[in-house]
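Q: Each chain is listed here by its residues.
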Amino acid sequence: MSKTVKLTTPLNDQQITGLRIGDKVLLSGVIYTARDAAHKRLIDLLNAGQELPIEIQGQVMYYVGPSPARPGQAIGAAGPTTSYRMDPYTPQLLARGLKAMIGKGKRSPEVIDAMIKYRAVYLGATGGAGALISQAIKEAQVLAYEDLGPEAIHRLVVEDFPTIVINDCQGHDLYEEGVKKYAR
Amino acid sequence: MREINVQEVTAAVKQAAMTANFELGADMLRALEKGAREEESPAGQEVFRQLLENARIAREKRIPICQDCGLTVVFAELGQEVHLVGGDFNEAIQEGVRQGYQAGYLRKSLCHPLTRKNTGDNTPAVIYTTIVPGDQLKLMVVPKGGGSENMSRVFMLRPAAGLAGIKEKVVETVRDAGANPCPPTIIGVGIGGTFEQAALLAKKALLREVGSQHPDPELAALEQELLTMINNLGIGPQGLGGRFTSLAVHINLMPCHIASLPVAVNVQCHASRHQEVVL
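Here the protein sequences line up with chains A and B, keeping their order. Counted the way the working numbering counts, the first sequence spans residues 1 to 184. Counted the way the working numbering counts, the second sequence spans residues 1 to 279.
There could be a bad hint or two in this list.
Claimed, not checked - To spell it out: a stretch of chain B is covered by chain A in this simulated footprint if at least three of its residues, at any positions, have a beta carbon under 8 Å from a beta carbon of chain A; those stretches are: (1) 37-51; (2) 195-204; (3) 239-251; (4) 262-273.
To be verified - Pairs of lysine-lysine, DSS-like flavour, derived with a Cα cap of 27 Å: (5) B:K34 / A:K181; (6) A:K180 / B:K167; (7) A:K24 / B:K138; (8) B:K61 / A:K180; (9) A:K3 / B:K61; (10) A:K180 / A:K117; (11) A:K138 / A:K3; (12) A:K117 / A:K40; (13) B:K167 / B:K34; (14) A:K117 / B:K169; (15) A:K180 / A:K24; (16) B:K61 / A:K181; (17) B:K167 / B:K138; (18) A:K24 / A:K181.
These are calculated hints, taken from the structure and not from any lab test. Ideal placement from N, C-alpha and C gives every residue a C-beta, glycine not left out.
Sequences and hints are given; from them, build the entire structure.
A: This is the structure:
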């Protein structure tokens with residue numbers, strides 16, 4: 001039976017191994033945003049043996065390119081983007097200790113294997129619910145790659161950010177299970 | 001001859017771009033409410049609940065429905081008795097997009113395809129202008145999201161593939177897309193024409209009111225059949241499993257070459273945004 005779990009970042013292996021597909025996770029604390037272009041730069045740094053602008057160990061990465069904040073607001077609309085575009089870069093970040101990713105859509109077999117190997121989870125947020133999700137984001141600041149505009153790495157402070165476990169670290173896949181259950 | 005100053009075009013496009021991004025149409029709200037009532041999967045019900053709440057927050061707080069405020073597609077129907085004055089018509093549309101995306105705090109989502117450098121103001125919009133009878137100018141402003149556009153396809157089938165081949169390709173497109181295009185989706189199907197016309201037919205099909213019936217009874221029946229086939233896939237809202245993978249299938253059809261059977265499938269996420277203005 002799926003459960004609702006409240007978690008605060010950074011995350012440890014014990015918290016991750018307790019999660020199963022279908023569990024609702026309400027996430028609080030600091031998370032980092034990154035899309036395609038930011039991922040490419042992070043991996044280029046790793047491949048060159050250089051330090052990353054953020055500490056990856058125990059952290060959560062959110063695949064989002066928010067819309068601009070109106071004056072007085074922390075952020076604009078901020079729902080997830082499609083995750084498969086980050087798949088080529090993800091295993092290296094998981095190897096560095098990344099514990100969770102938030103996005104939408106199916107991950108590659110390589111990413112799913114890396115989640116099992118390094119104990120991490122993939123969390124789904126509701127795509128296209130950008131206004132709703134923005135209400136869970138309390139602070140936002142650009143941390144790196146400001147020149148990338150919406151694709152810059154932002155540091156977000158979130159409170160009860162609503163997600164659901166799509167891939168747990170046992171290799172289960174909610175998308176596959178869901179289709180099996182409802183296909184006719 | 002009726003004169004329309006292109007400054008009016010800029011103002012109308014600016015306003016429409018903002019309204020489209022903040023206010024989900026009544027037809028889509030009805031479709032989401034129907035989904036919320038009828039979806040069987042608990043995770044799917046929660047998605048519908050979130051989407052309705054999202055639409056309410058977006059409308060009230062003027063926060064975009066989705067952070068992907070789209071590449072702006074503009075369909076212009078220009079009455080042949082209109083004389084446009086005061087400047088360049090196409091540039092007036094681009095200026096409207098530029099101003100709307102700035103003033104509305106909308107995300108600028110366009111970049112050079114190779115360098116990936118953002119153009120900075122969400123231009124250029126993709127503009128289709130047709131000349132029609134009359135003395136009015138109709139502008140349909142359509143912010144199109146990238147996630148669902150990426151899952152769209154064009155097939156140049158052999159005529160022998162026939163109706164069965166068309167159904168197979170439509171369902172295959174939705175199946176392969178899975179959770180990626182933010183289901184529940186609207187599926188636009190263009191059948192016939194040329195390679196590019198099929199895609200345009202599919203895109204225009206997305207603009208029809210959701211819940212409306214196709215005027216051709218045979219195509220109306222085909223739309224229903226395809227919708228049932230798609231929803232039997234079980235992908236469900238956000239791909240979490242459920243009854244509602246798509247909310248509607250809309251077909252546009254026109255004759256094609258005797259050697260061809262072009263079929264295009266344009267996938268539209270649930271944030272189906274478009275705003276019409278008549279000048």
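Q: Tell me, in ascending order, the numbers of any earlier hints that this structure violates.
A: Hint check: 2, 7, 8, 9, 14, 16 and 17 fail, others pass.
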